[in-house]
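Chains as they are written, first to last, in the numbering used here: chain R, 1 to 74; chain L, 1 to 74; chain H, 1 to 74; chain C, 1 to 74; chain Z, 1 to 74; chain S, 1 to 74; chain X, 1 to 74.
Bear in mind the hints are in silico, worked out from the structure with no lab data behind them. Take the hints with a grain of salt, since some may be wrong.
Using 27 Å as the maximum straight-line C-alpha spacing, the simulated BS3-like pairs for lysine-lysine come out as follows [unchecked claim]: (1) K23/L <-> K23/X; (2) K23/R <-> K23/H; (3) K55/X <-> K4/R; (4) K4/H <-> K55/H; (5) K23/H <-> K23/Z; (6) K55/Z <-> K23/S; (7) K4/S <-> K55/S; (8) K55/R <-> K55/X; (9) K23/Z <-> K4/S; (10) K4/X <-> K4/R; (11) K4/C <-> K23/H.
Note that the coordinates shown come from a computational prediction; the quantities given were computed from them, not determined experimentally.
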Amino acid sequence: MAEKRPFDILNSSLNNTVIVGLKGGVEFRGLMVAYDVHMNIVLENAEQLANGEVKRGVGTILLRGDSVTYISPS
Amino acid sequence: MAEKRPFDILNSSLNNTVIVGLKGGVEFRGLMVAYDVHMNIVLENAEQLANGEVKRGVGTILLRGDSVTYISPS
Amino acid sequence: MAEKRPFDILNSSLNNTVIVGLKGGVEFRGLMVAYDVHMNIVLENAEQLANGEVKRGVGTILLRGDSVTYISPS
Amino acid sequence: MAEKRPFDILNSSLNNTVIVGLKGGVEFRGLMVAYDVHMNIVLENAEQLANGEVKRGVGTILLRGDSVTYISPS
Amino acid sequence: MAEKRPFDILNSSLNNTVIVGLKGGVEFRGLMVAYDVHMNIVLENAEQLANGEVKRGVGTILLRGDSVTYISPS
Amino acid sequence: MAEKRPFDILNSSLNNTVIVGLKGGVEFRGLMVAYDVHMNIVLENAEQLANGEVKRGVGTILLRGDSVTYISPS
Amino acid sequence: MAEKRPFDILNSSLNNTVIVGLKGGVEFRGLMVAYDVHMNIVLENAEQLANGEVKRGVGTILLRGDSVTYISPS
Chain R
1 MAEKRPFDIL
11 NSSLNNTVIV
21 GLKGGVEFRG
31 LMVAYDVHMN
41 IVLENAEQLA
51 NGEVKRGVGT
61 ILLRGDSVTY
71 ISPS
Chain L
1 MAEKRPFDIL
11 NSSLNNTVIV
21 GLKGGVEFRG
31 LMVAYDVHMN
41 IVLENAEQLA
51 NGEVKRGVGT
61 ILLRGDSVTY
71 ISPS
Chain H
1 MAEKRPFDIL
11 NSSLNNTVIV
21 GLKGGVEFRG
31 LMVAYDVHMN
41 IVLENAEQLA
51 NGEVKRGVGT
61 ILLRGDSVTY
71 ISPS
Chain C
1 MAEKRPFDIL
11 NSSLNNTVIV
21 GLKGGVEFRG
31 LMVAYDVHMN
41 IVLENAEQLA
51 NGEVKRGVGT
61 ILLRGDSVTY
71 ISPS
Chain Z
1 MAEKRPFDIL
11 NSSLNNTVIV
21 GLKGGVEFRG
31 LMVAYDVHMN
41 IVLENAEQLA
51 NGEVKRGVGT
61 ILLRGDSVTY
71 ISPS
Chain S
1 MAEKRPFDIL
11 NSSLNNTVIV
21 GLKGGVEFRG
31 LMVAYDVHMN
41 IVLENAEQLA
51 NGEVKRGVGT
61 ILLRGDSVTY
71 ISPS
Chain X
1 MAEKRPFDIL
11 NSSLNNTVIV
21 GLKGGVEFRG
31 LMVAYDVHMN
41 IVLENAEQLA
51 NGEVKRGVGT
61 ILLRGDSVTY
71 ISPS
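Can you build the whole structure from these sequences, using the hints too?
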């Protein structure tokens, strides 16, 4: 049966790899180890992507929810 | 008789294919399996579109309501 | 006598054709079948316009109030 | 004696011609027949301007307050 | 002794000439005859500036606080 | 020992020269004589900077907190 | 065990070097000596970066939370 609440996908993606898109088009991919109701998200072993290619490694990163556009389990 | 509340269209589109437009012009098409009052939306089997053409498959994706511009049943 | 409240024009345009402008300059034209206090709007038989010309048909579409710039009865 | 509250100018401009500037630089000129505390504004016999020249007639138009940058009695 | 609250400068500039900068870089110069806590501002005998030069006269104008970036007594 | 609250730096910079960055990349440098909890800031003897160079003197200026990106003691 | 709340990473990064990304793509790197719930952040010995290279030293700087996009321990 389908999920009913959007935040369920965040919970089920915890400790899994996700791609997060930010306003302006920047994407980060990494292990999601924390999130909150504002969609603030912490990734570990994260990489910044440009056109789907790895641009640079950034280690641990806190993405501010206000800047988040989408989150996709990888 | 015409629908009276905009969110009715979200409810009637649940588990159907929709196109979602985001700020900046990006579009995603997929099966809408969840939404909430903030217009946070979860699509499954989703594809990112560019000028109406499929740019890439993205599987499951949570689109943040604050970034959503429009939603259209496909 | 002149109307006194801006939302009166939404009510009087219900089930009539309107043009809705969004942030970024995109316009949609269609039959307005629903709206709410946030200016979320549902159009049916809608078309996306570019410079006043029809760019594509989009059927039914929910436009998020936060993205709406103007609404004009057609 | 000088006016003391910004909204006084809206009230005194009711049923007069005004120019309204929107975010992004678009301007509309028309007869202001309604406004509210959010600066939502309704113009009648309105025209869209580009660099001070008439670009097109738009008849009646509701401008969403959130998009309004300035209002000037014509 | 220095002023302690930013709005003091608005009060002391009432009925004096100010330059107001808006988001996007547009500037207006005129006699400030009204303001409120949202920084909505009314200028009289106002001129729109471009790179410090007068672009056009606009008479009386209400600038929406949400669009205001800065205000400087002239 | 390190400061614990971001606003401490505003308080300790009062009546000192600061550089304030605004959205869009504009910078102003001047003597900070007032601020409030919204980060509205008043500078005296202020100069607008472009790429670190003085572009023009602006005297006293009120910078609206909503537009402020950063503040740095000079 | 993984952290559960995004702000934990701010607390654990206090008095350590972080990179902070702002809207528009500007980055600052420095010692984080203060933060609050709005993600207002104070860096000491800070440098502005452009494409990962040091563009200029800025000493102490208060970054306004509303402008912050991401924070990454260095």
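Task: Holds or violated: K4/S to K55/S, with C-alpha atoms at most 27 Å apart - done: violated, 35 Å
Open item on the list: For K55/X and K4/R, compute the direct alpha-carbon distance and say whether it is at most 27 Å.
Closed with: violated, 48 Å
Task: K23/R paired with K23/H [C-alpha distance capped at 27 Å] - done: Judged against 27 Å, a Cα distance of about 15 Å means the pair holds.
TODO: Would you mind confirming whether the straight-line C-alpha gap from K55/Z to K23/S stays at or under 27 Å?
DONE: holds, 24 Å
Open item on the list: So if I understand the rule, the pair passes when the alpha-carbon distance is 27 Å or less; does K4/H with K55/H pass?
Closed with: violated, 35 Å
Open item on the list: Run the distance test for K4/C versus K23/H: straight-line Cα separation, threshold 27 Å.
Closed with: This hinted pair is violated, its Cα atoms lying about 32 Å apart.
Open item on the list: Holds or violated: K55/R and K55/X, Cα atoms, limit 27 Å.
Closed with: holds, 20 Å
Open item on the list: Next pair to validate is K23/H with K23/Z; report whether the Cα-Cα distance is within 27 Å.
Closed with: With a Cα-Cα distance of about 15 Å, the restraint between K23/H and K23/Z holds, given a limit of 27 Å.
Open item on the list: Please verify whether K23/L and K23/X have alpha carbons no more than 27 Å apart.
Closed with: Judged against 27 Å, a Cα distance of about 15 Å means the pair holds.
TODO: For the pair we were handed, K23/Z and K4/S, check the Cα-Cα distance against 27 Å.
DONE: violated, 32 Å
Open item on the list: Just to be careful, I want the Cα atoms of K4/X and K4/R compared with a cutoff of 27 Å; is the pair within it?
Closed with: holds, 23 Å
When each numbered hint is compared with the structure, violations occur for hints 3, 4, 7, 9, 11.
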